[in-house]
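Visitor: So the sequence lines, in the order shown, correspond to chains G, D and C.
Sequential numbering from 1 applies to the first sequence in the numbering used here.
Sequential numbering from 1 applies to the second sequence in the numbering used here.
Sequential numbering from 1 applies to the third sequence in the numbering used here.
If you are wondering where the hints come from, they were derived from the structure by calculation, not from laboratory data.
Keep in mind that a hint or two might mislead.
Copies of the same chain look alike in the list, so a pair counts if it works inside one copy or between any two.
[Said to hold, decoys possible] With a cut-off of at most 27 angstroms between alpha-carbon atoms, the simulated DSS-like pairs for lysine-lysine come out as follows:
hint: 1; residue 1: K245; residue 2: K189
hint: 2; residue 1: K189; residue 2: K312
hint: 3; residue 1: K46; residue 2: K245
hint: 4; residue 1: K284; residue 2: K317
hint: 5; residue 1: K69; residue 2: K197
hint: 6; residue 1: K312; residue 2: K344
hint: 7; residue 1: K333; residue 2: K69
hint: 8; residue 1: K331; residue 2: K245
hint: 9; residue 1: K331; residue 2: K80
hint: 10; residue 1: K313; residue 2: K284
hint: 11; residue 1: K150; residue 2: K245
hint: 12; residue 1: K245; residue 2: K80
hint: 13; residue 1: K46; residue 2: K80
hint: 14; residue 1: K312; residue 2: K6
hint: 15; residue 1: K333; residue 2: K189
hint: 16; residue 1: K284; residue 2: K245
hint: 17; residue 1: K153; residue 2: K189
hint: 18; residue 1: K69; residue 2: K150
hint: 19; residue 1: K189; residue 2: K46
hint: 20; residue 1: K338; residue 2: K284
hint: 21; residue 1: K333; residue 2: K313
hint: 22; residue 1: K284; residue 2: K46
hint: 23; residue 1: K310; residue 2: K333
hint: 24; residue 1: K245; residue 2: K338
hint: 25; residue 1: K312; residue 2: K284
hint: 26; residue 1: K91; residue 2: K46
Since this is a predicted model, take the numbers as computed values, not measurements.
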Amino acid sequence: MPITVKELAELCGARIEGGDADRIIHSAADISSAQAGQVTQLTNSKYAAHLQQSAASACLIAEGFADQKVPETLALLVCKDPELAFIEAVKRLHPERTYAPEIAPQSVLASDVALGEAVYIGPYAVIGEQTRIGEHSAILAGAYIGRNVKIGKHCRIHPYAVIYDDVEIGDHVTIHSGAIIGADGFGYKFRNGAHVKVPQIGNVRIEDNVEIGANTCIDRGALGSTVIGTGSKIDNLVQIGHNNKVGRHVIMCGQTGVSGSCTIDDYAILAGSAGVADHVTIGKGAVVLARSGVAGDIPAGAQYFGSPAKDKKTAYKEQLAIQKLPELIKKVKQLEEKLQTLEKES
Amino acid sequence: MPITVKELAELCGARIEGGDADRIIHSAADISSAQAGQVTQLTNSKYAAHLQQSAASACLIAEGFADQKVPETLALLVCKDPELAFIEAVKRLHPERTYAPEIAPQSVLASDVALGEAVYIGPYAVIGEQTRIGEHSAILAGAYIGRNVKIGKHCRIHPYAVIYDDVEIGDHVTIHSGAIIGADGFGYKFRNGAHVKVPQIGNVRIEDNVEIGANTCIDRGALGSTVIGTGSKIDNLVQIGHNNKVGRHVIMCGQTGVSGSCTIDDYAILAGSAGVADHVTIGKGAVVLARSGVAGDIPAGAQYFGSPAKDKKTAYKEQLAIQKLPELIKKVKQLEEKLQTLEKES
Amino acid sequence: MPITVKELAELCGARIEGGDADRIIHSAADISSAQAGQVTQLTNSKYAAHLQQSAASACLIAEGFADQKVPETLALLVCKDPELAFIEAVKRLHPERTYAPEIAPQSVLASDVALGEAVYIGPYAVIGEQTRIGEHSAILAGAYIGRNVKIGKHCRIHPYAVIYDDVEIGDHVTIHSGAIIGADGFGYKFRNGAHVKVPQIGNVRIEDNVEIGANTCIDRGALGSTVIGTGSKIDNLVQIGHNNKVGRHVIMCGQTGVSGSCTIDDYAILAGSAGVADHVTIGKGAVVLARSGVAGDIPAGAQYFGSPAKDKKTAYKEQLAIQKLPELIKKVKQLEEKLQTLEKES
Numbered sequence: 001m002p003i004t005v006k007e008l009a010e011l012c013g014a015r016i017e018g019g020d021a022d023r024i025i026h027s028a029a030d031i032s033s034a035q036a037g038q039v040t041q042l043t044n045s046k047y048a049a050h051l052q053q054s055a056a057s058a059c060l061i062a063e064g065f066a067d068q069k070v071p072e073t074l075a076l077l078v079c080k081d082p083e084l085a086f087i088e089a090v091k092r093l094h095p096e097r098t099y100a101p102e103i104a105p106q107s108v109l110a111s112d113v114a115l116g117e118a119v120y121i122g123p124y125a126v127i128g129e130q131t132r133i134g135e136h137s138a139i140l141a142g143a144y145i146g147r148n149v150k151i152g153k154h155c156r157i158h159p160y161a162v163i164y165d166d167v168e169i170g171d172h173v174t175i176h177s178g179a180i181i182g183a184d185g186f187g188y189k190f191r192n193g194a195h196v197k198v199p200q201i202g203n204v205r206i207e208d209n210v211e212i213g214a215n216t217c218i219d220r221g222a223l224g225s226t227v228i229g230t231g232s233k234i235d236n237l238v239q240i241g242h243n244n245k246v247g248r249h250v251i252m253c254g255q256t257g258v259s260g261s262c263t264i265d266d267y268a269i270l271a272g273s274a275g276v277a278d279h280v281t282i283g284k285g286a287v288v289l290a291r292s293g294v295a296g297d298i299p300a301g302a303q304y305f306g307s308p309a310k311d312k313k314t315a316y317k318e319q320l321a322i323q324k325l326p327e328l329i330k331k332v333k334q335l336e337e338k339l340q341t342l343e344k345e346s
Numbered sequence: 001m002p003i004t005v006k007e008l009a010e011l012c013g014a015r016i017e018g019g020d021a022d023r024i025i026h027s028a029a030d031i032s033s034a035q036a037g038q039v040t041q042l043t044n045s046k047y048a049a050h051l052q053q054s055a056a057s058a059c060l061i062a063e064g065f066a067d068q069k070v071p072e073t074l075a076l077l078v079c080k081d082p083e084l085a086f087i088e089a090v091k092r093l094h095p096e097r098t099y100a101p102e103i104a105p106q107s108v109l110a111s112d113v114a115l116g117e118a119v120y121i122g123p124y125a126v127i128g129e130q131t132r133i134g135e136h137s138a139i140l141a142g143a144y145i146g147r148n149v150k151i152g153k154h155c156r157i158h159p160y161a162v163i164y165d166d167v168e169i170g171d172h173v174t175i176h177s178g179a180i181i182g183a184d185g186f187g188y189k190f191r192n193g194a195h196v197k198v199p200q201i202g203n204v205r206i207e208d209n210v211e212i213g214a215n216t217c218i219d220r221g222a223l224g225s226t227v228i229g230t231g232s233k234i235d236n237l238v239q240i241g242h243n244n245k246v247g248r249h250v251i252m253c254g255q256t257g258v259s260g261s262c263t264i265d266d267y268a269i270l271a272g273s274a275g276v277a278d279h280v281t282i283g284k285g286a287v288v289l290a291r292s293g294v295a296g297d298i299p300a301g302a303q304y305f306g307s308p309a310k311d312k313k314t315a316y317k318e319q320l321a322i323q324k325l326p327e328l329i330k331k332v333k334q335l336e337e338k339l340q341t342l343e344k345e346s
Numbered sequence: 001m002p003i004t005v006k007e008l009a010e011l012c013g014a015r016i017e018g019g020d021a022d023r024i025i026h027s028a029a030d031i032s033s034a035q036a037g038q039v040t041q042l043t044n045s046k047y048a049a050h051l052q053q054s055a056a057s058a059c060l061i062a063e064g065f066a067d068q069k070v071p072e073t074l075a076l077l078v079c080k081d082p083e084l085a086f087i088e089a090v091k092r093l094h095p096e097r098t099y100a101p102e103i104a105p106q107s108v109l110a111s112d113v114a115l116g117e118a119v120y121i122g123p124y125a126v127i128g129e130q131t132r133i134g135e136h137s138a139i140l141a142g143a144y145i146g147r148n149v150k151i152g153k154h155c156r157i158h159p160y161a162v163i164y165d166d167v168e169i170g171d172h173v174t175i176h177s178g179a180i181i182g183a184d185g186f187g188y189k190f191r192n193g194a195h196v197k198v199p200q201i202g203n204v205r206i207e208d209n210v211e212i213g214a215n216t217c218i219d220r221g222a223l224g225s226t227v228i229g230t231g232s233k234i235d236n237l238v239q240i241g242h243n244n245k246v247g248r249h250v251i252m253c254g255q256t257g258v259s260g261s262c263t264i265d266d267y268a269i270l271a272g273s274a275g276v277a278d279h280v281t282i283g284k285g286a287v288v289l290a291r292s293g294v295a296g297d298i299p300a301g302a303q304y305f306g307s308p309a310k311d312k313k314t315a316y317k318e319q320l321a322i323q324k325l326p327e328l329i330k331k332v333k334q335l336e337e338k339l340q341t342l343e344k345e346s
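Working from the sequences, and respecting the hints, build out all of it.
Guide: Structural data, given as structure tokens:
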């Protein structure tokens, strides 16, 4: 979807400085590789040097950065929020793939499936009894949607995602390939030398505007629901056990794990490979740093690090102290010796 | 499958105290949310307060807890093992989904596949040459079963689980979606600047009553078998490398990883995100706590924590000591100064 | 593919000592379990004792090990590199499964897919528009290949691997089941209380001779490519975020994770469950030990351990020091007391 620099500026609410307003822009690129016909962005002064020899035809840039010395061929598009503007530009230049309404003949839908308008069902998709899929949703090739599932509007379920029975999914939800939503939670009682399975009869409820990464697993509740709140974003290979309540606009990065029956409050952030023991509450807006293991509650707004995780300042102080520890051991030995000498003398 | 309180009591071998024995129970719920027509359980005195205003119609409870003050509408079902009784109640009220014997026309079975009685093969399942599937097993939609695979009786293979060639699976085994059983182990020899693949010609052998979680991977042996013993339960996103011997009734929680050629003895427990280096033996009933990294053998019955993992007591003592370390550094500095003063004086 | 000991020796460039050169060898086994008619290898003196009573009919062995006392029925096949020779032997005795050229009638190929010679497309595979697949490649059952994908020659894509649109894959690449190549990178901008998705319009480029394990995820670049260099080997359940540049002949073991925009230089090794923060460079041939968390650059050839990861020697020294810490705390207390006594006396 090529557009001119001028159209791009209008789209982004930007002021043009220099360059050629009639230049056709065909694509977006990052600042180190952008070529003629491409738009880029500068949002970090660290990369400003790239701009001086850039072959790019346009660059979205904030007011405060606009005094850059740039090639004549480069139009600076000065705007309030160049990051958001660049997102708009990318969406216009590289529109997301759409799926024309169709039910692939090579799909298997139960007779009582209820489909909204303009739904796409790809080849080899399987959709179970009593399931409802909202308008403009796309169920891509081979996605498996169980029985009595509700999927809202404008959702996209990628190939080979699996939605077990009874799961409820809101509007504008994206689920990437290989994600498994609603498999059994991991619950057993140990009796007579064997693990007796606790039936997992709850479900998973995913609210609106959630994105779930590839090969992520979200288990159904044992009783009741495992919940993912509106606007939360979950990366790849994340494990969310049964009966967790993940709030709104939570971020969970790759390979994080949450055991079970936890509350992850709104706006919390779990960085990569962080883990949370069961029955833990992570407060609103709290941040768990990468690879931390959380065994107890974390207050709202706190930043925790380490395994077991502690307040970041405490954890960093301890890390620093550990670096001094080998030296400290030597020092204590010297003190001992000196003291012995003193004791003998006295 | 609604039943009366009286029938429920009989099913669970429980004595009824109070409430209405003829009340119809239609479902099970946890103690904080159970409503009229529902049965719940009380097994932890921490939650006893919920019972006093509960709208539930029945509650399974142990003898020692039975002196609760509860609403008139609530029947206490007093029994020896309310946890097991509740499992029985849930199974009766919420029977597991069954699959009527059928071979979906949209499946591909090799001509020499041997199927037991009452087998279900879902749409888009693929089953390879010489494979045998035992009676009452269900191969759900899109499950891929390779060549020369043996699957026992009463197994359930969920959508898009993949069973590579030559895998052997016992009876009453459940494998959740996206689990990959029998992919190549990770073995290379480094020669002339490149990694030469070691052929992985072994297989995976899974014994009876095993449950394997979503997106878990169990690699085939390089030579010989990777084994998962009877009754072991493996959670989601677990990695089990080639030639590991996992014993009987072992528990492996979400995101644990076992490198290769390890022995995980009977009844061992690996908590969430624990990891085990190769050629390690974890003794019978040993517990590896969450996020621990095990580099050497662990004796039977021991509890290990940390990375590298140590005996739990030692690890906790060290953790406590680290907390005191910043203070200790200050103290040693003071000692040094005092000692200098003393030295000067003497 | 049974062959005689003599043929085996020729295949492996080995000298026969003892045993029966005309004995038929039908399979390979490890040294602890090899039986008559089997070939094994001895490459570690730790296992030499097994050889003395081995029922194996042949054993590949290095020159320096050849003075073993072994049963008369055992032919020692003495060669320069018994590990490589054994790989050759295993490949001959247990040839990899091949797939005769075929396009399964139960597959869906876009009309403009370009297939090389001798390609196999399994049942329920789906291949999108403009995609090209090189000669002798096998796309197994249910693999999903998106739009505008390039796959080279002699590749094998296992069941239910998913290749998103625009991915480029070289020659002799193996991708195991459940691997997801090219799903969206995890990028959002936080505005007005919500996470705004940054479009992920780049792709993934996988060079020749790469192997990718089961359920591993490699995200597409936000702009530009995520790259996996020639000969790199990636284990199961690995997460590789957007815009990472993984070099040539890199090893990434199970459950490792690399955030985004990192450079993992040639011949680097990331051991099991290691993690790398974003924008980090791991130098050529550097080794990150198991479960380490890397937050900053690592120089070429270095070995790092811990979380946060440090030079291995430093990390080990600190680990040792921590073991002495509880004792140190006691000792400092004693010093304090002695010093007090001295101060009083003086």
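Visitor: Indicate, hint by hint, whether the structure satisfies it.
Guide: Hints and how they fare:
1. K245 / K189: This pair counts as both: shortest intra-copy Cα distance 23 angstroms, inter-copy 24 angstroms.
2. K189 / K312: between (37 angstroms within a copy, 24 angstroms between copies)
3. K46 / K245: Only across copies: K46 and K245 sit 20 angstroms apart there, 40 angstroms inside one copy, limit 27 angstroms.
4. K284 / K317: within (25 angstroms within a copy, 32 angstroms between copies)
5. K69 / K197: neither (68 angstroms within a copy, 31 angstroms between copies)
6. K312 / K344: neither (46 angstroms within a copy, 41 angstroms between copies)
7. K333 / K69: neither (61 angstroms within a copy, 54 angstroms between copies)
8. K331 / K245: neither (50 angstroms within a copy, 45 angstroms between copies)
9. K331 / K80: neither (57 angstroms within a copy, 53 angstroms between copies)
10. K313 / K284: within (19 angstroms within a copy, 33 angstroms between copies)
11. K150 / K245: within (19 angstroms within a copy, 40 angstroms between copies)
12. K245 / K80: neither (36 angstroms within a copy, 32 angstroms between copies)
13. K46 / K80: within (19 angstroms within a copy, 54 angstroms between copies)
14. K312 / K6: Intra 47 angstroms, inter 56 angstroms, cutoff 27 angstroms: neither.
15. K333 / K189: neither (52 angstroms within a copy, 47 angstroms between copies)
16. K284 / K245: Classified as within: same-chain Cα gap 13 angstroms, cross-chain 35 angstroms, threshold 27 angstroms.
17. K153 / K189: between (40 angstroms within a copy, 23 angstroms between copies)
18. K69 / K150: neither (55 angstroms within a copy, 40 angstroms between copies)
19. K189 / K46: between (56 angstroms within a copy, 19 angstroms between copies)
20. K338 / K284: Cα proximity of K338 and K284: none, with 53 angstroms in one copy and 47 angstroms across.
21. K333 / K313: Close across copies (22 angstroms), not inside one copy (29 angstroms); limit 27 angstroms.
22. K284 / K46: Classified as between; 25 angstroms across copies, 32 angstroms inside a copy.
23. K310 / K333: between (31 angstroms within a copy, 26 angstroms between copies)
24. K245 / K338: For K245 and K338, neither the intra-copy (59 angstroms) nor the inter-copy (55 angstroms) Cα distance is at most 27 angstroms.
25. K312 / K284: Intra 16 angstroms, inter 32 angstroms, cutoff 27 angstroms: intra-copy only.
26. K91 / K46: within (25 angstroms within a copy, 53 angstroms between copies)
When the structure is compared with the earlier hints, violations turn up for hints 5, 6, 7, 8, 9, 12, 14, 15, 18, 20 and 24 and for no others.
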